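Colleague: Sequence:
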Amino acid sequence: MHVCVYCASSDHVPALYLEAAHTFGEGMARRGWTLVYGGGSIGLMGAVARSVHSAGGRVIGVIPQTLLEREVGYQEADELIVTKTLRERKQIMDDRADAFVALPGGFGTLEELLEIMTLRMLGYHNKPIVIVNIGGYFDPLLTQFEYIFTQNFAHERYRRLYAVKPDPEVALTYLERIMPGVQ
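Numbered according to the working numbering, the sequence shown spans residues 334 to 516.
A couple of the hints might just be wrong.
[As the list claims (entries may be wrong)] Restricting the straight-line Cα-Cα distance to at most 35 Å, the calculated cross-link-like pairs of lysine-lysine (DSBU-like) are:
(1) K417 - K460
(2) K498 - K460
(3) K417 - K498
No lab work stands behind these hints: they were computed from the structure. Given the structure is predicted, the values throughout are model-derived calculations rather than measurements.
Work out the full structure: start from the sequences and follow the hints.
Modeller: Spelled out as structure tokens, the structure:
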């Protein structure tokens, strides 16, 4: 299975989040899953990629040329795809993924998560989306989602667009259960 992970590219975050990224990456590799991600070597991105590799897994990074120059791409990736634009990057990540996971991150992570949720809502894909709510990081966003539902800006059926899991191991087990046999 190819899992697209959205997450922070900052090293200046609490250790709790970096540890969770490490745990998630290790768990993916133990299951024989391939990481598809934004191609960075720093922050949670780098932690996930290095953990997948150190546990014997495969890493596919997709990074625009401008970010490669700024963020220092993960050159150790099994496949590092360099794109011209962010839009091209996201399309490749979308196409290569069997599931999407959001770990804590900033505006880019939120943008990617909301776009992939919207695409699922509109029927462009039916791939699982998992929000890993480490330490309650996504609580404010989930509160906003609830407000969207209670104010009728989204139909109740769209609650099924995503699953929220409290930590990496629970998220990995959930994906295993809903995607049996996908390698």
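Colleague: Please flag the earlier hints that this structure goes against, numbers listed from lowest up.
Modeller: none
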